[in-house]
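Visitor: Next come the chains, spelled out residue by residue.
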Amino acid sequence: NAGVTQTPKFQVLKTGQSMTLQCAQDMNHEYMSWYRQDPGMGLRLIHYSVGAGITDQGEVPNGYNVSRSTTEDFPLRLLSAAPSQTSVYFCASSYSVRVTQPQHFGDGTRLSIL
Amino acid sequence: AQKITQTQPGMFVQEKEAVTLDCTYDTSDPSYGLFWYKQPSSGEMIFLIYQGSYDQQNATEGRYSLNFQKARKSANLVISASQLGDSAMYFCAMREASLSTDKLIFGTGTRLQVFP
Numbered sequence: 001n002a003g004v005t006q007t008p009k010f011q012v013l014k015t016g017q018s019m020t021l022q023c024a025q026d027m028n029h030e031y032m033s034w035y036r037q038d039p040g041m042g043l044r045l046i047h048y049s050v051g052a053g054i055t056d057q058g059e060v061p062n063g064y065n066v067s068r069s070t071t072e073d074f075p076l077r078l079l080s081a082a083p084s085q086t087s088v089y090f091c092a093s094s095y096s097v098r099v100t101q102p103q104h105f106g107d108g109t110r111l112s113i114l
Numbered sequence: 001a002q003k004i005t006q007t008q009p010g011m012f013v014q015e016k017e018a019v020t021l022d023c024t025y026d027t028s029d030p031s032y033g034l035f036w037y038k039q040p041s042s043g044e045m046i047f048l049i050y051q052g053s054y055d056q057q058n059a060t061e062g063r064y065s066l067n068f069q070k071a072r073k074s075a076n077l078v079i080s081a082s083q084l085g086d087s088a089m090y091f092c093a094m095r096e097a098s099l100s101t102d103k104l105i106f107g108t109g110t111r112l113q114v115f116p
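As given, the protein sequences belong to chains Y and X, one line each in that order.
Going by my numbering, the first residue of the first sequence is number 1, and it counts up by one from there.
Going by my numbering, the first residue of the second sequence is number 1, and it counts up by one from there.
The shape of chain X in the complex, shown without the other chains (with noise of 0.2 Å):
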């Protein structure tokens, strides 16, 4: 069965610093997406990137990047340049999708804080 885990229920990092957000997933697919959101204390959620399965590059938008180690089941956020608008809950989610079913799974979510 599908599974998202994200092992850091906080973090802290400073103004201007990176930091990576953790996640690792479990799929026997071999075609899965997988996303990251971000949930400010406002509630909505807003996507930020995406990393195919197929995809021989990691994505990377604007100063989101995602470290997308496949032979270990990894696909960790990297936020460069924090700031303190980063300030959120962050989730890692997979997508598996075939004819019978398309079911996005999340992670319990990563709460990121930045201070100045």
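This is chain Y alone, in the form it adopts within the complex (with noise of 0.2 Å):
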């Protein structure tokens, strides 16, 4: 039952350099997002994807880029990493557009800039 799972767990960058976070569930979950969490400020939106081939802007997407060519995956990818993009970062997944659907989460990734 791996649920929502992402790798790496931790990973420390030099400023610019570029990576991808590693996204995949196996619930066939058509509904995919990726937050950042910084100290006392709780978790913000980066992109979200409403199903295979559609993503979308949350409220920092800034420097991050997404793609979502399957149900099950949906890598993010840090352009030029920058140390303002230190954070812990999660993904997410489920149902399609419905309120009533919780949001499961991935364990998340400690993600350092020097």
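Some hints could be false.
Claimed, not checked - If you anchor each label on the Cβ, the simulated ranges turn out as follows:
(1) Y95(Y) with T7(X): 24 to 34 Å
(2) V12(Y) with K16(X): 35 to 45 Å
(3) T60(X) with G3(Y): 48 to 58 Å
(4) A2(Y) with T60(X): 24 to 34 Å
None of these hints come from the bench; they were simulated from the model.
Glycine included, every Cβ here is placed at the ideal spot set by N, Cα and C.
Got two chains here, each in a separate frame; can you build the complex from them with the hints?
Guide: As structure tokens, then:
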């Protein structure tokens, strides 16, 4: 019963490097999303997808790219890492476009940018 | 725009007592869902309870209940008979969804500490 799987769990990058955070779910959920969690600011939505081939921006999309080629996977790309992107990143999924559905979260990726 | 406000950065409660965590929200959409999540020190996000904007009764899940006052736009979480394992961050969140958008917006959280 894997649920939402995020890899890696920890990562340290240098400023300017690029990387991809992986997210996969095995629940056939149409909706997937990425959040970042910073101290004192709760979780903020970066990007989300309501289905394969469809993505949209959240509150804080700058510096991040996403794509959704399959229902299962929703990778988050950091184009040129900056210290301000040091954060804990969560991927979540749920059944699509229904306010009644809770989102299931992965365990998070702790990312540090030096 | 959507907004979730949690005004209590931290709360203390004695074991076996009840505690209320406050949450107010702002939205112009008549259809929305309100959620509470628990985040223990290990970091994972655990779904606790859900309340729909059209639900007539307050939601309950075991020791958790949601005090939903629609006119006041509040959705407070009540934890009865607190346990030491309830010590964690608690987040209130609101989901609005339509054909063109689907967003879950979080408050800044309340840190609950349960003492013996």
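Visitor: Quick check: does the Cβ-Cβ distance between V12(Y) and K16(X) fall within 35 to 45 Å?
Guide: For V12(Y) and K16(X) the Cβ distance comes to about 43 Å; the hint holds.
Visitor: With 24 to 34 Å as the target window, see if Y95(Y) and T7(X) comply at their CB atoms.
Guide: 32 Å, holds
Visitor: State, for the Cβ atoms of A2(Y) and T60(X), whether the hinted interval 24 to 34 Å holds or is violated.
Guide: Holds: the Cβ-Cβ distance is about 30 Å, inside 24 to 34 Å.
Visitor: Holds or violated: the 48 to 58 Å window for the beta-carbon distance between T60(X) and G3(Y)?
Guide: Check failed, 25 Å falls outside 48 to 58 Å.
Comparing the model with each earlier hint shows a violation of hint 3 alone; every other hint is respected.
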